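Novice: The lines below spell out each chain.
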Amino acid sequence: MRSGCFFHFHPFLFFKDYYHKLNKCLININYIKCRRFKNLIQYMKTDLKNILIIVTGLLFLSLPTLAQDDTEIPANVIQNQKCFKCHGDKFYSFFNESQGKQVKERMNPYFVFDSATFYSSNHKSFICTDCHSSDYSNFPHDGNLRMEAKFLCMDCHGGDDTYAKFNFEGVDNEFHQSVHSSRHDESFTCWMCHNPHTYKISARNTENLTLTIAYDNAICLNCHADIDNYQMLTEKENPNVLETHDWLPNQKAHFANVRCIECHAQTNDSLLVAHLILPKDKAVKKCVQCHQSNSILMASLYKFQSLERRNKAGFFNASLMNDSYVIGANRNIYLNIISLVIFGFIIMGIAVHSVIRILKK
Amino acid sequence: MSERLYLYPVWVRLWHWTNAILCLLLIVSGVSLQYSNPEYPIIRFDIAVSMHNIAGILLTLSYFVFVIGNLTTSNGRYYKTQLNGLFESLKKQFIYYTIGIFTHAEKPYPVTKDRKFNPLQKVSYLAAMYFFLPLIFITGWGLLFPETNLTNVFGISGLHLTALLHGIIGFFISVFMFVHIYFCTIGTTTLSNFKSMFNGWH
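Going down the list, the sequences are from chains A and B. Read in numbering that gives the first Met the number 0, the first sequence has 315 at position 316, and its numbers run on one by one without any break. Read in numbering that gives the first Met the number 0, the second sequence has 87 at position 88, and its numbers run on one by one without any break.
These are computed hints drawn from the structure, not numbers from a lab. Please read all numbers here as calculations on a predicted model, not as lab measurements. Warning: the hint list may mix true and false statements.
Claimed, not checked - For the chain B half of the interface with chain A, some residues (derived, Cβ under 10 Å), not all of them:
{"id": "1", "residue": "I100"}
{"id": "2", "residue": "F101"}
{"id": "3", "residue": "F170"}
{"id": "4", "residue": "F177"}
{"id": "5", "residue": "V178"}
{"id": "6", "residue": "Y181"}
Backbone N, C-alpha and C fix where the C-beta goes; we use that ideal spot for every residue, glycine too.
Chain B on its own, in the form it takes in the complex:
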């Protein structure tokens, strides 16, 4: 239990915090733009636009670091998921989070050298990193280059659909951020997981 594991190498930590800061900037500027109100601007419109565009481009670059890092280092193994028995393991972890955690039950999937994520973490990270993020990059770059959008999709402007999809995915990513940050407080202590992401040791 008290055995310390070095789970977060330097490149993962650097990528993680870069990713975190850029995502936060994108969420704040995105909300400011989406709900732009000249009377109550969260961020001045023109600043928010530049902020969103710059952070979006940088996040795309940082995403390539993540993908290449996972392909070329052993970090990628933590994301490998087997569909066999996945539902059962998700159920177990869900029950732990909703009941077991309050009764101080044993963690069903404790962190080990070969298992950095529990099944729920794994599935949510996979969804965020390999589904939502690519989609938000495609739609985001599509909005930067409006001429690349389909002009007409079943009678609806392709540009509008792209913008709609971009906003919806952005919303889900921001929900993920909230849940992710909250679940990081479920460690040995409230701050221990945050510390791990700074020093690399779990």
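Here chain A stands alone, though its shape is the one from the complex:
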């Protein structure tokens, strides 16, 4: 059984952490109020000295409460710590009752998650058992638990207005048209690229485009430059990315300044990040598609940068210094010719007209 109640009662995942804090806070307030009220009534009847003692005592009692509020650890962190205790390290230890002694074992590296990365990811406010069975709280874990189907992105994000701006339906639609979906069975899910324990949106929040590019490209390279991950999905030999891109001048500069998807995915303005990964032979290979008559970078990568710079620098200043727009995107060879012809006729007309004017003066 999944611990699905969270989703039933609190569909807005972002408010989950807030909900826990609020609950705890209300319980604390009620408890303190009752205790203070009861104590005051009882001791008011005795003498002033006792009241002073109570007031002083309450003051001392409240200090730790205040201090605790400042450094309060989110409820999910406390709960998740039970999991991270083993799954956050290479080793874990437990008391083996059969052997009657403490045992230290190696943790399967694929089940190790860095808590710091998790708590900076999109799902940082989650409790592990929000997505995994609550039965995992028992140790040793029941072997059948791993047979359970896992949640997918659309299970939570699909059809929810809260996430409308992310256009998950559009992403899902593009993904199903992409080579990732069409050339693999349904075991190729969003998680293949977006690890739910670590993934965080980058393009939308970027303050440094280079880091965003590196982050996004690392997602691709996680399989395309790692034979183990690659062969989880195919028997084929993993092509060497450096060799397949050896035609690219200044390869290093391109890899550092352009995301893989700029050339390997079909751009779509309605999506923040294109997900329609194209077959290899349809990838952008002509320099001119990016340089000068570029339309790809402007519609994806630099669109975010442009917005981000303006947001960061403030409306007016950044509008004036907005150099992230890749000019030349609307350059078109036919329009160039037409404009040159029109311009030629105008200049010729002016020349002829002025010569006749001079002659007939």
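Once you have looked at the hints, place chain B on chain A.
Specialist: Same frame as chain A, but now just chain B:
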């Protein structure tokens, strides 16, 4: 013929030259950006971008001065056009420019106190000021704020269409500038119209 007319009040002249300088800056920087070539830059790319953005914003402001000026002063009357007989008058003026001017024929629509522009001038100024300029402002500001663009227009990126339209209109405005400057040489003397735009007297 030799009667001097005060046709260009100070605000019109100030607006005109501001407009002219900004348009020239926009054309030069726009061409430099549109045909950016790292090997043969007309203006260094980053400078051209700033120049284009600043001049574009200032031109928008100056356009409001023009519109408000025409609405609140008598200058607006020169732009009023009647469709009745417009084609005939345009034809007359066109024939004058292509034939009459060389045979020293009488101007069909000489400048008077109430008629600053001949029909061809009027129509071209109306098109430039009330059609092309607003369009280039809308598309230009759209490119400054890419998120305001339609994401998809019949399968084509709205941003690309905006950029395309901006470039095309920019081209037509630059053609207008060339023709306009040339036609300004058709005065009593070659430079007389230019002088008028400085001293206000025609």
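Novice: Taking the hints in turn, state whether each one holds.
Specialist: Results of checking the hints against the structure:
1. The beta carbon of B/I100 comes within 7 Å of a beta carbon in chain A, closer than 10 Å, and the hint placing it at the interface holds.
2. For B/F101, the suggested interface contact is upheld, since its CB lies about 4 Å from the closest CB of chain A, less than 10 Å.
3. Hint status for B/F170: holds, given a least beta-carbon distance of 5 Å to chain A, under 10 Å.
4. About 6 Å separates the beta-carbon of B/F177 from the nearest beta-carbon of chain A, less than 10 Å, and the hint is met.
5. Because the closest C-beta pair between B/V178 and chain A is about 7 Å apart, less than 10 Å, the hint holds.
6. Interface restraint check: B/Y181 against chain A, minimum CB-CB distance 5 Å, threshold 10 Å, status holds.
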